[in-house]
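Chains as they are written, first to last, in my numbering: chain Y, 1 to 192; chain W, 1 to 234.
Some hints here could point you the wrong way.
To be verified - Computed Cβ-Cβ distance ranges for the label pairs, DEER-style:
| # | chain 1 | residue 1 | chain 2 | residue 2 | range |
| --- | --- | --- | --- | --- | --- |
| 1 | W | 29 | Y | 169 | 36 to 42 Å |
| 2 | Y | 37 | W | 4 | 31 to 37 Å |
| 3 | W | 32 | Y | 157 | 33 to 39 Å |
Worth flagging that the hints you see were computed from the coordinates, not collected in a lab.
All C-beta atoms in this analysis are idealised placements derived from N, C-alpha and C, irrespective of residue type, glycine included.
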Amino acid sequence: MLSWIKRHASKFSKKSDGVLIKKAQAGDRNAFGNLYLKYLDAIYRYVFFRVNFNTPDAEDITELVFQKAWENLGTFKNKDGNFKAWIYRIAHNTVLDHYKKQRTTKLDEYIEDASESLEEIIGNKMKTQAILVALDTLSDEQKQVVTMRFMEEMSHKEIAHILEKKEDAIRALQYRALKQLRELLKTYEEYR
Amino acid sequence: MKNTDSYSDIIRSLESFQSIEAPERIRQKVINHWITVDEKTKPSYTSFFAVRIAVIVLSLLVLGTAGVVVASENSKPGSILYPIKKKVEQIKVFVTQDKAKKTDLQLNNANNSLNEIKDSAKENKDTELNNATKEYERDVKGAIDTAKKSGSEDILNKTQNTLQTHTEKLEEVKTIVPTQAQQAIQNAINASEKGKEEVKSNNGTGNTNNSSNANSNAEIKENGNSQNDSHGKK
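Given the sequences, and given the hints that come with them, work out the whole structure.
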């Protein structure tokens, strides 16, 4: 029971986003720094998968996302929605801007680099490279849904809010993405 | 809408990407650029007190009225109120910030558990004996952790001396309990000894007889508190 209490108490007691945002909006850099650290990994992962596993780009864009968040924090209205959705929306737009400026990507090279570094994390459950290649064949929307749903454990409702779509549309995108991944991985297994 | 069960292997693989983290250099950059020195070093009292307030509120909600809590104080292993008593003990430890007081509380809880071990063993209550032994091991481990974190020689010495007394007490109990209970007692002795050695190596002084410890409120008190009183009357 104590662990239950601790778990819930800690959730309850952590400086909530609301408190931190309010302070950050008043110019408190520490408060924003705490928000930054809280969402850093999630935003980095999201960007990393959107920029075809290009680590330098993922780093630059992640920093840009938080810079934009800091600059536009005044426009965020706490009561209108959660900070998480808002920052993902910034990340989404920043990645789009990145692609507008720089369309070409050396995909193969990045996949090779990324799969080398991720192989250790993922182990032998499935060939990392195959997953990355398969992920890359997904549409941008499918990739976002898969990333947010399975890597960030967001609900369909949250994803729908960020991508400004209906929940059913998110479920459909998720289903089609999984189906496509299944087919591609099956092909990979057959030909390797 | 559509069942994702047939994709569980793919989903598991995707979930494994959750372990990807932003490079450490970005994290350091954020800390250096956004977090001031004061914020980096000062303990988060707001968070700390909020945790404790939340624990107290939740505890009251979960445990019901204060009357139940008070009534549970004299409960014995096997009693319906006994689990509440143990939870109250844990909560008291959790909400105590001062390391010396926290260690005292933990050693006191260990002392209570030790008395429960003794009583359960004498009465051949195997389940209660095993539970009390586990409680004792947990209490000792908690006390050691707190003592080590405190870094205070006094606290470490006090812990070491109290555990020495516990070991002696348990050795004594072991000789008078039925054979089947001896293993549980031995487990408790092992926990006490291991803890003592751990504290000793951490302390480095090897002090086993610090006079300042003589008055430790965590020392074994044969019938020194309500819990012990109830045992003593048997």
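Each hint tested on the structure:
As the Cβ distance of residue 29(W) to residue 169(Y) is approximately 37 Å, the hint placing it in 36 to 42 Å holds. A C-beta distance of roughly 32 Å is found between residue 37(Y) and residue 4(W), which places it inside the suggested range of 31 to 37 Å. The supplied range of 33 to 39 Å is met by residue 32(W) and residue 157(Y), whose beta-carbon atoms lie about 37 Å from each other.
In this structure, none of the earlier numbered hints is contradicted; all agree with it.
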